[in-house]
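Which chain is which? The protein sequence lines are A and B, in order. Position 136 of the first sequence, counting from 1, maps to 136 under our numbering, and the rest follow consecutively. Position 254 of the second sequence, counting from 1, maps to 254 under our numbering, and the rest follow consecutively.
Simulated from the structure, these hints should not be mistaken for lab results. All values reported here derive from a predicted model rather than from experimental measurement. A virtual CB, placed ideally from N, CA and C, is assigned to each residue, including glycine. Worth double-checking, as some hints may not be accurate.
As the list claims (entries may be wrong) - Cβ-Cβ distance ranges computed for the label pairs, FRET-style: (1) 743(B) <-> 253(A): 29 to 37 Å; (2) 269(A) <-> 396(B): 25 to 33 Å; (3) 69(B) <-> 323(A): 50 to 58 Å; (4) 157(B) <-> 405(A): 39 to 47 Å; (5) 683(B) <-> 362(A): 32 to 40 Å; (6) 91(A) <-> 115(B): 36 to 44 Å; (7) 178(B) <-> 153(A): 53 to 61 Å; (8) 440(A) <-> 486(B): 41 to 49 Å; (9) 776(B) <-> 274(A): 54 to 62 Å; (10) 173(B) <-> 155(A): 49 to 57 Å; (11) 405(A) <-> 496(B): 36 to 44 Å; (12) 507(B) <-> 364(A): 37 to 45 Å; (13) 81(B) <-> 440(A): 25 to 33 Å.
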Amino acid sequence: MAQFRSDCEGFARRDFLKIGAAGIFGLSLPQLLQLEARANQPARGQQNRRATSVILVWLAGGPATIDMWDIRPNAPENIRGEFREIPTTAEGIRISEHLPRMAQVMDRTTVVRSLAHTIPSHGPATVFMTTGNKPTPAVQYPSIGSLTARMLPAAPGVPPFVSFTELRNGTAGLAGYLGTGYNPFIVEGAGAAPANNRGPIAANLRVRGITLPTGFTLEQLENRDRLLRSFDRTFEAADRNADLVDGLDAFHRQALDILRSDHTRNAFNLQQEPEALRSRYGTTAFGQGALAARRLIEAGVRFVTISIGGWDTHGQNFNALRTRQLPPLDQVLSALIADLDGRGMLDNTIVYCAGEFGRTPRINQNSGRDHWARSMSVVLAGGGFRRGYVHGSTDVQGMAPATDPCTPDDVAATIFNQLGIDPHQELMTPTGRPMQLFREGRVLNRLLA
Amino acid sequence: MIAASRAFRFGLLSIAVVVGSFSSSVSAGVDLPGNKKVEEVDFERHIMGLFGRMGCNSGSCHGSFQGKGGFRLSLFGYEPERDFGSVIRDNLGRRISISDPDGSLLLLKATGQVDHGGGMRFLKNSWQYKIFREWIERGAPWQKGSGEVVKVTLNPPEIAFKKAGEAQQVQVMASFADGSQDDITAFADFRTNDDAVADVSNLGIVKSLRPGSTSIVVTYRGNVLPVRILVPMELPVGFQYPKVPENSFIDRLVFERLRQLNMVPSELSNDEEFLRRVTIDTIGQLPTPEEVRAFLADKSPDKRAKKIDELLAHPLHAALWATKFSDITGNDTPSLENPPQQKAKKSQMWHDWFRKRIADNMPYDEIVRGVLCATSRDGQETPEQWIEVVKKIDNDAAKGVSNDYADRPSLDLYWRRQQAQTVELWGERTAAAFMGVRLECAQCHKHPFDRWSQEEYRAYANIFGAVTLGASPEAKKVINDENAERKKSAPKNNNQIAIVREVFIGPTARSLPHPESGRPLTPRALGGPEIPFQRGQDMRETLFQWLRKPDNPFFARSFVNRIWGHYLGIGLVHPVDDFSLANPPSNDKLLAALAKEFADHHYDIRHIERLVLNSRVYQLSSKSNETNKLDKNNYARSYVRPMMAEAVVDVLNCALGVSERFGNDVKPGAKAVEVGATTLQNPSLTYAFRIFGRPPRTTACDCERAMEPALPQKLYLMTDPILLGKFNEQDGRLQSLLRSKKSEDEILEEMFLATLSRLPSAQDRESFAEYRRRVPNRREAFTDTLWALINTREFILNH
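Based on the sequences and whatever the hints tell you, model everything.
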């Protein structure tokens, strides 16, 4: 049913292809060759592909990055907060004393201190940060995971986009105008668990829809499939021409590939990892999820979202960070970066750690911090991002970027640049409107090695 | 700002004159492909035409609001002044060089001799190059208004090919405001709406590729015209086109077209095929095995018509259309008013409101009026009476799942959203819902493939400028009192109370100004009369009166097209809410006849449904024949199509003989087509709805309902633990059959009837017998069989 529909703008690569295929009229041979050559060229930037996959570490609720990556020691007391900063393995970078293990991998990490946007509300801010496009009622933007799934197909038998959580109860992190086929495959048995949840262990984790339920063996599946194919033969006589019938058949075969493949299922078999490594990730659901995420990436998954909640610290911010939030984040994120690096995977895997916004520099009467989108830090590692580098800064009070201000769009554009995808490439919405991937996004070249 | 821009324009004019005076060199004209010639290159007619055709002024290139590489053109070329200024003056005049035309940056870039972000657009010394060069050489003149188009004509206006593999030139002639005519074929843009049927070169040569119908869309400087293309099948020598029975004008008009295409309609569907299809289409369920048996046994000649009447009167038929109306009108649960825990209930009231009206077969125009012209007090009650009704509905809603909302004359929920809504949004939503027109492109620029300008967009949006959500002067006191009471009686620390607000027509109207002049813009119906704001009057009512007129170009057509699209799988205009110049109906006569029938019968929805369902066209088999196998949009056979997400959930439950639990906001025992909210408490259902494409209803677009197959759907049917768990429900189909005394043959028949609505074929019986020999366990064999049946394409598709 995919029809070439009229669109708002027009001159797409497709036009070049069409001219090449059927444009014997009015074009000289050299013109034709030129146009064909152009159509066969990879999209701009694609030759520079650095990374092939992404792990998004999502801090749901909006982390107080001012107490994590951007301590303001010279600010007044009602802003500075309770934490001191410590030196790290990256010269000149200092971070919170409660992230000591992250301090050890800072030489492989990039901190962006000058990110800012304007939406201090959980829902739309989550959409903004996870899509790289400011939300509007007119368009449902796809999450960067869905875009990755669309632009970088995964290997057969492997789902391109896996998420350990349904962001905002399934109202964010989805495929938007790309259509439901690019939604993430959801891992069940995890969820955005409280940070200290030691709950479900990896043995219970499964990706919804890509593994057979307990008691349903592969052999049974093959048997049943044979029976179903014989029943379905009657229908073959029907509308064989319909894309739909063939499409379903193709998906049927793909589904079988996935169910037969043990790559993904195996990713959850953490027992295969050495005990020492497992303990570095820790026993929390978040830690096991991160280790499973690494294994999923190894299996060929393009984009994995893992998440840790509890960051909405309107009250008792410092106590919560010190005891509940920062220790697992510190442990897991540092373990992930070090592990990827140790395996030589960090060069082509981007780790992106962010939440929907930062928190108010000014501390409220409940020792908490409220929503603050006008300044925040995010952390990146791998995939050709510049190691041991801090991008931008905030003013003395941490209220707003002081140097190199940038936006969620810019970071998304930069990540896609590293994936070898032109951030301004256009996709067509179902209404026939061409949309650039990240219309407002600029590639932050200084973030790149 | 305005003054400054005017000064800027005058400045340009004077430059134009000065530059123009350079023109001295001898003009020889430029030869175009196809033995044509441009005698005198004109900026507006030719240069701007090429900017459009070569894609220079598209939104991703120089037409973007920031321009590209310091060069900005008006998007799609609607502003000659701006474009002339950009070419002539910006970049210190280096863009063109009159003394050395070949050294003009414009040409160096476009030919790729100097690095150009947009790559090479044409070769040096190509005809395009010569057009630019000639114009520059002649001093780059611009005569304001020279390219103002009065009319574009196409020759031929439509093409009926004899067969695939032919070619035909379309010539594009423009009449300009100065009275002259010009062949602008080389400067127009051509696209095909279906490149499988016909292709078109960028010089307007159309090639027929394979049998079918489509259109070629020609655009020239904002004018959009379609060329209908018909490519018939090549029939074998001596082929006798058979006589096909006709039940009504629908059959006559469809078969007339098929005749032109040399396509023979498929056979009439058999009874099993018909019953399954019509049951899914009308009520979103499967027929039960008993119903299938009874229908097959019925020998009366009018049993199909009787079945259609029975299904159209079925309560779930109204529920299914309430679901469709919920899509059309944007029943988007999270966007409704706080408190959050009552949003799903409000969505259900919305759904129930439509359901009641469909069940009563209320005329379509009256239903639309209840939405489009809704106010909370419906223009008749006193504030005191009204607040009592509100209190009762809110109370009932808080306690249970039924209330009196559906009895209210108008659907004020449509206008009651938590966040303030702009008039632009209301304009876009109402145009899509009730006219089938997608306006959103025209918010920022003239619609590239339709007639709508920014001015028309804004004038239309202004109709909604007086709609207010709050408290009217008359009702202010009772509303304030009620809200004070609610706050007082709310539990401590609970700010989640329902605040009463009222939709009313305010004493003043918000108004968007004219996009260029900034002057006030009188509200105006789309392509219709002005509707000036008068205090105390509802402009929406005037709009509605214009819409419902039998000769309105959109109102009846857009809704009969939705009905047709629902029952036949593809709209006459497709997508169903994309009526535009570039997207003409596949069968104009049929659409017009259906619309006339609808208006003549006082917008009786069920009358049209009955006509469609009783047509032979609807009842054709989905099995194709040699002549019609390539048909995609002329209804030569029944199209195999996916089911709505809600129907998928219900049909699975029908097959498995189980019911669904939707949570506390929905009455127990409900079917998926009866559910109003887009958010559900049952995560497994939320998942199923999402992967089968239930729309979130956030944008006013039918395209939100994803109807393409996708991998997760297949995986869901094969592996979902909740779904597979239903196999084991004690009262479900599988366990009941296994407990019964039926023979294995009878169980197999029952399973086929419950899933595929037909008896197993001899081949099916043989497949099962063969399987049974290998699987000795009876329970296992039948579990596998039921699994296999719901995983067939025959099961999950409507055909």
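**Request:** Go ahead and decide if the range 50 to 58 Å is satisfied by the Cβ distance of residue 69(B) to residue 323(A).
**Result:** Holds - the Cβ-Cβ distance for residue 69(B) and residue 323(A), about 54 Å, lies within 50 to 58 Å.
**Asked** Is the gap between the beta carbons of residue 269(A) and residue 396(B) within 25 to 33 Å?
**Response** 53 Å, violated
**Prompt:** Are residue 405(A) and residue 496(B) spaced within 36 to 44 Å by their CB atoms?
**Reply:** 37 Å, holds
**Message:** 37 to 45 Å was suggested as the range; check whether the CB atoms of residue 507(B) and residue 364(A) agree with it.
**Reply:** 41 Å, holds
**Request:** Take the C-beta atom of residue 81(B) and the C-beta atom of residue 440(A), compute their distance, and say whether it sits inside 25 to 33 Å.
**Result:** 28 Å, holds
**Message:** For the hint 53 to 61 Å, verify it against the beta carbon of residue 178(B) and that of residue 153(A).
**Reply:** 55 Å, holds
**Message:** Taking 41 to 49 Å as the stated bounds, is the beta-carbon spacing between residue 440(A) and residue 486(B) within them?
**Reply:** 43 Å, holds
**Message:** 49 to 57 Å was suggested as the range; check whether the CB atoms of residue 173(B) and residue 155(A) agree with it.
**Reply:** Since the Cβ atoms of residue 173(B) and residue 155(A) sit about 55 Å apart, the hinted range of 49 to 57 Å holds.
**Request:** Given the range 54 to 62 Å, decide if the beta-carbon distance of residue 776(B) to residue 274(A) lies inside it.
**Result:** Violated, at about 45 Å.
**Message:** Range first: 36 to 44 Å. Now tell me if the beta carbons of residue 91(A) and residue 115(B) are that far apart.
**Reply:** Hint holds: Cβ distance 38 Å, inside 36 to 44 Å.
**Message:** Just to be sure I understand the hint, the distance between the Cβ atoms of residue 743(B) and residue 253(A) should be within 29 to 37 Å; is that true here?
**Reply:** 35 Å, holds
**Range agreement (Cβ of residue 405(A) with Cβ of residue 157(B), hint 39 to 47 Å)** = Violated, at about 56 Å.
Against the hints set out earlier in the document, violations occur for numbers 2, 4 and 9.
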